[in-house]
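K.L.:
Quick mapping for you: the protein sequence lines, in order, are chains A and W.
Just so it is clear: in the first sequence, position 320 is 667 by the numbering used here, and no numbers are missing.
Just so it is clear: in the second sequence, position 80 is 427 by the numbering used here, and no numbers are missing.
Note that these hints are calculated values from the structure, not bench results.
Heads up, a few of these hints could be off.
Just so you know, same-sequence chains aren't split out, so a pair can sit in one copy or run between any two.
[As the list claims (entries may be wrong)] No farther apart than 30 Å at their CA atoms in a straight line, the calculated lysine-lysine pairs in the DSBU-like style are these:
#1 Lys621 to Lys656
#2 Lys641 to Lys621
#3 Lys513 to Lys700
#4 Lys565 to Lys401
#5 Lys700 to Lys592
#6 Lys562 to Lys641
#7 Lys513 to Lys592
#8 Lys621 to Lys565
#9 Lys401 to Lys562
#10 Lys565 to Lys641
#11 Lys652 to Lys513
#12 Lys401 to Lys513
#13 Lys700 to Lys641
#14 Lys592 to Lys641
#15 Lys641 to Lys401
Just so it is clear, the structure is predicted and the values come from calculations on it, not from any experiment.
2 protein chains.
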Amino acid sequence: MAVIAALGSGIMATALSFPTSENGNDVRLVGTFLDREIIDSIQRTGVHPDLGLKVNDGVRAYQLEDAAEAIADADVVMCGVNSFGLEWAGEQLAGLMRPGQKLLCVTKGMRADEDGTMHILPDVLRSYFDPQLAEQVSWNAVVGPSIAGEVAVHHDTCVVFCGQDKQDLEYIADLFRTDYYHVWTSTDFVGHETGAATKNVYAFAAGFAQGLLRKAGKQDDRYVMYNYGAAVFAQGQKELRSFIKLMGGEPETGDGLGGVGDMFVTSMGGRNVKAGGFVGEGIPFSQVQEERMKGVTLEGVAAIKVIGKALGPLTERGVIGADEYPLCRFLYSVVAEDAPLEMPWDRFFRDLK
Amino acid sequence: MAVIAALGSGIMATALSFPTSENGNDVRLVGTFLDREIIDSIQRTGVHPDLGLKVNDGVRAYQLEDAAEAIADADVVMCGVNSFGLEWAGEQLAGLMRPGQKLLCVTKGMRADEDGTMHILPDVLRSYFDPQLAEQVSWNAVVGPSIAGEVAVHHDTCVVFCGQDKQDLEYIADLFRTDYYHVWTSTDFVGHETGAATKNVYAFAAGFAQGLLRKAGKQDDRYVMYNYGAAVFAQGQKELRSFIKLMGGEPETGDGLGGVGDMFVTSMGGRNVKAGGFVGEGIPFSQVQEERMKGVTLEGVAAIKVIGKALGPLTERGVIGADEYPLCRFLYSVVAEDAPLEMPWDRFFRDLK
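Sequences and hints are given; from them, build the entire structure.
P.N.:
Structure representation (structure tokens):
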């Protein structure tokens with residue numbers, strides 16, 4: 348039995364309370380300043396309003412002012428905020444965590460310097476820690492195709508816990524493993540985190556075909572546009588794998604749960620796909636963001652804005668070639684410059700032998 | 348302008364008559380002995396009954412007895428039969444084709460010797476030819492994510508023409524390229540053909556989740572089973588890539604149109620996914636084949652029966668390890684031995700670093 352505390356009570360951190368609490372662990376969900384109503388709901392009724400499910404008995408919810416109490420004696424601390432709250436979470440966790448604790452990052456995304464150098468989020472979190480404390484904390488993350496609600500209702504889910512130390516990873520994984528939550532471990536930390544971040548880039552593009560069909564009034568036709576979606580998916584996979592190599596990860600990671608598997612599940616639906624659908628209909632992205640999906644968290648778009656933007660300086664510095672990542676570059680032009688949806692097919696698949 | 352003749356007037360060969368005829372080529376569809384009604388329909392009304400569309404004016408349909416006339420002066424001859432008719436097509440084409448003609452194989456699948464040695468279909472076709480003629484014919488194939496009807500209605504489609512000679516490939520590709528039919532070329536013949544065959548293996552597994560949901564009465568629930576499907580897809584991708592390496596192809600081919608892109612489109616629906624769905628519901632596969640889907644062509648199941656069966660002798664001979672291809676082995680036990688659907692998750696993703 349271990350104590351597992353999450354900072355951030357979003358749907359993913361809350362979904363993970365199911366396998367962990369069923370394994371007999373003491374599981375605690377700490378809300379951010381944005382989560383007050385969620386925590387209040389769980390405290391009163393047990394129900395997570397966004398997930399639409401009652402958490403297991405014994406899972407305790409804490410408002411932010413009780414974070415210290417919840418986290419002080421935790422064995423594992425999950426960072427469960429979304430990517431927009433990552434810096435805030437870094438500040439908080441730097442003050443709350445103690446030597447010997449193990450961090451498990453649920454947040455997915457990237458950060459980039461002005462010169463295009465990219466950083467995985469656990470490294471960004473770490474940058475807020477006192478260097479000595481950072482050395483005494485174990486850094487880990489969970490990646491792989493997992494829609495939160497499916498974990499919560501006990502549907503088979505396969506994920507990878509990645510980090511620096513195999514022993515720490517196996518210790519954490521054992522706290523989470525059940526007959527429906529299948530956990531592998533990997534020390535390809537940067538490769539898995541890069542795959543998990545970049546897959547969100549391509550999920551946005553997965554919505555285009557449906558939008559194009561709606562625009563043409565063909566969404567109920569016998570023949571839809573799977574060929575289009577599959578070509579985008581294939582180019583996305585090529586670029587995802589290149590990003591992993593660029594960041595120093597194992598290229599093989601792109602094939603597995605943290606690469607193509609995660610991209611597959613993210614392409615099946617969700618907010619990023621929906622946003623891409625509006626672009627497919629011909630609506631400029633700025634209008635999608637300001638009107639159609641105002642206030643909605645779009646992790647895919649956030650990833651495009653960071654990673655797509657980094658491609659410019661990386662190209663200028665000669666780190667990557669100008670013909671690399673044509674799909675990511677195009678997606679950046681869509682979200683940053685309202686470029687119309689003219690897919691640059693002839694720039695794809697250029698390295699075929 | 349060139350003459351392009353297809354032996355076999357199925358939906359894929361017929362769909363390819365759209366871009367080729369729009370490019371001004373003389374396009375001819377020759378029916379097999381099973382295609383008499385299709386040819387009759389096209390001759391009378393222009394409509395391909397299975398595709399549900401009228402072919403372009405100028406595309407001519409021929410009954411089998413007129414095959415020699417249709418093929419004699421063709422520049423490109425397509426083999427458009429399904430994999431069950433491949434040997435028959437080999438016998439026919441060996442007598443019909445002439446030196447200098449270029450063959451483009453549309454049929455997808457594999458053949459294996461008793462000892463597990465596998466062969467791509469163009470090589471099987473070739474084995475029926477007089478050796479001298481075989482040397483004087485150019486061997487090529489089309490692969491990539493293309494649902495036939497989508498090509499026919501002019502939706503963007505990206506494919507790879509693969510073969511031995513880059514110049515021949517570019518010649519053929521130029522006859523097919525339009526603003527919606529995007530063609531790349533590659534001399535990784537064996538890699539692309541292997542990807543195209545093995546992707547059908549995994550499409551069958553893509554149906555399981557929907558069947559499991561129906562069995563549980565949960566198909567309309569808020570949370571379905573995309574995590575399950577994504578994990579199967581990721582393991583499928585790992586194995587597809589391994590098969591390409593095993594056959595001597597370029598591993599990178601697994602990432603692109605002929606690998607993951609094709610597997611993606613095939614997983615979106617169709618007969619193999621439907622058959623997998625019945626297995627997900629708990630129906631033994633033999634019963635699916637003899638009752639629920641009697642007489643239906645299942646290319647995925649055919650691929651499992653060939654490739655899955657080959658894994659036994661390949662393992663005995665030490666060519667592959669016993670822990671390799673666990674998903675393909677499991678799928679073979681489902682179709683060959685009516686094994687129940689207990690997914691062997693713990694045998695997946697074993698090579699994680």
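K.L.:
Against this structure, judge whether each hint is valid.
P.N.:
Verification of the hints:
1. Within a single copy, Lys621 and Lys656 get their C-alpha atoms as close as 22 Å, which meets the 30 Å cut-off; across copies the closest is 42 Å, which misses it.
2. In this assembly of identical chains, Lys641 and Lys621 lie within 30 Å of each other by CA distance solely inside one copy; the values are 13 Å within and 39 Å between copies.
3. Proximity of Lys513 and Lys700 under a CA criterion of 30 Å is satisfied inter-copy only: 10 Å between copies versus 37 Å inside one chain copy.
4. With identical chains, the CA atoms of Lys565 and Lys401 are at most 30 Å apart between copies only, with a shortest distance of 18 Å across copies and 40 Å within one.
5. With identical chains, the CA atoms of Lys700 and Lys592 are at most 30 Å apart both within one copy (19 Å) and between copies (15 Å).
6. In this homomeric assembly, Lys562 and Lys641 come within 30 Å of each other (Cα to Cα) only inside a single copy, at 21 Å, whereas the closest approach across copies is 39 Å.
7. In this assembly of identical chains, the alpha carbons of Lys513 and Lys592 lie at most 30 Å apart whether taken from the same copy (21 Å) or from different copies (29 Å).
8. For the homomeric pair Lys621 and Lys565, the shortest alpha-carbon distances inside one copy (17 Å) and between copies (24 Å) are both at most 30 Å.
9. In this assembly of identical chains, Lys401 and Lys562 lie within 30 Å of each other by CA distance solely across copies; the values are 24 Å between and 40 Å within a copy.
10. In the homo-oligomer, the alpha carbons of Lys565 and Lys641 lie at most 30 Å apart inside one protomer (27 Å), although the nearest pairing across protomers, at 32 Å, exceeds that limit.
11. For the identical chains of this complex, Lys652 and Lys513 are neighbours neither inside a copy (33 Å) nor across copies (39 Å), given an alpha-carbon limit of 30 Å.
12. With identical chains, the CA atoms of Lys401 and Lys513 are never at most 30 Å apart, being 34 Å at best within one copy and 61 Å at best between copies.
13. Taking the shortest alpha-carbon separations for Lys700 and Lys641, neither the intra-copy value of 44 Å nor the inter-copy value of 41 Å comes in at or below 30 Å.
14. Taking the shortest alpha-carbon separations for Lys592 and Lys641, neither the intra-copy value of 35 Å nor the inter-copy value of 47 Å comes in at or below 30 Å.
15. Only within a single protomer do Lys641 and Lys401 lie at most 30 Å apart by alpha-carbon distance; the minimum there is 28 Å, versus 45 Å between protomers.
Checked against the numbered hints given earlier, the structure breaks hints 11, 12, 13, 14 and satisfies all the rest.
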